[in-house]
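Peer 1: With chain A's structure known, arrange chain B on it following the hints.
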Amino acid sequence: MIVRYSATSAHEDDTSDEALLAGIALADDRAGLLFVRRYQHRLFGLAYRIVGDPRLAEEVTQEAFIRIFRHAEVFDPRRASVAAWTSTITRNLAIDVLRVRRDIPTDPEDHLFLALMSRDLAPDEVASGNEALGRVRIALAELPTDQRRAVLLAAMYGRSAEEIARAEDIPLGTAKGRIRLGMAKLRGALEVETR
Amino acid sequence: MSGDIERSAACGDIVDDLAEMALGTLSGQRRSEVLDHVAGCASCRAELDQLSKVTEALQLLAPPMQPPLGFEMRLAERLRASSAPQHQRVSRAWMFAAAASAVLVLALGVTVALIGRGSSGAATASGLTSADLTSGGKVVGSVLLSGEQPGWMLVSTDGVTWGGPVRCEVTLVGGEVHTIGTFSVSGEYSVWAAPLPEHAGTVQSARLIDSSGTVLATAQVRA
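Protein sequence lines correspond, in order, to chains A and B.
For the first sequence, numbering that gives the first Met the number 0 gives the first residue as 0, with consecutive numbering after it.
For the second sequence, numbering that gives the first Met the number 0 gives the first residue as 0, with consecutive numbering after it.
Next comes chain A alone, as it looks inside the complex:
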């Protein structure tokens, strides 16, 4: 007999993210397992794209889950979605790792940009009407290369305008301008939905 394992799929379970977090805050093991299964691919994928190493990415993702569990009870759905909150925790941890290693990429165009462009929306995202992600992706592709690079260096690698200016050998004002203009265009893509 093949070992039977009642592997409840996180995607088959319709418990909301917020309810799972509430369960985690109450030390509900099932909620914890479902939550991990629902988010591990997304968070590991994000961590890997930032740190570029599977072992480090696992460390980052595990630490992110530990922090998520620790702070589950203070999560405020009015401030951010669970997906955004967990992604931000993971991203910040990954950037911390990059900074400790002093291993911050200077050109995100090759691997990171291509990876972001390849992102297919998950069925649950399409079903939830989150086409805004698709619009942001298109807007990102349409940005001038300099602006896109500045935005990605800041958004994914946590680089400040000063660091970007030094790395790109451009005036600080130019770096800040690229970030500002790029973000404004991406914001425009999001606003179509939120108006």
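Hints in this document: simulated from the structure, not taken from any laboratory.
Among these hints, one or two may not hold up.
Said to hold, decoys possible - Listed next, with one range per pair, are the computed distances between beta-carbon atoms: (1) G162(B) <-> D13(A): 40 to 46 Å; (2) E130(A) <-> D209(B): 50 to 56 Å; (3) A21(A) <-> R77(B): 18 to 24 Å.
Claimed, not checked - Which residues of chain B face chain A? A few of them, derived with a C-beta cut under 7 Å, are: (4) A18; (5) T24; (6) V53.
Beta carbons are placed, not taken as given, at the ideal position from N, Cα and C, and that holds for glycine.
Peer 2: Relative to chain A, chain B alone:
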């Protein structure tokens, strides 16, 4: 009216930094100034909220990836070891579920049929035993054995200098030696799992052997 003019002038200075604020890359004194302003300016607060959503969207564009085999189990162990009370309550059922998941993935991937004796796969208490995998006196990974029936063993290696296919042998307490499988190792992080021929409690040691018969690494599970 004069208040509006002052506020507008203040916004003009702050607006330039809202994007960096949303990206989390503004620091020090300037960050404090922007935060102070935003707290009292609905217009800039709304702008910052929108830009923060852009940052979130960029993070969500990263394509999901399958974490390495055994991820859930290692996470469960870390949560159990954590000092927070709720983490200590991560159940053995989760540990088993995560471990079973790892083995199930392996089984699906290499068509290994795990022969079970029970009538169901319901989680029961399973003792987990771990031991360092050493090579030349240096720790190069670990083995993790589950006491479930059927038992299984998870092998991980990290940063080894050798690579290619390796055979994994276990020696039972009675001296009997069994090959439980062959897998490929690289210098990067590698994880692999296989069912055990006997209960995990009977395993005394494990070792990895290359194609020429050289013992690459050993793990002493029981003294």
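Peer 1: Would you pick out the hints that fail for this structure and give their numbers low to high?
Peer 2: Violated: none.
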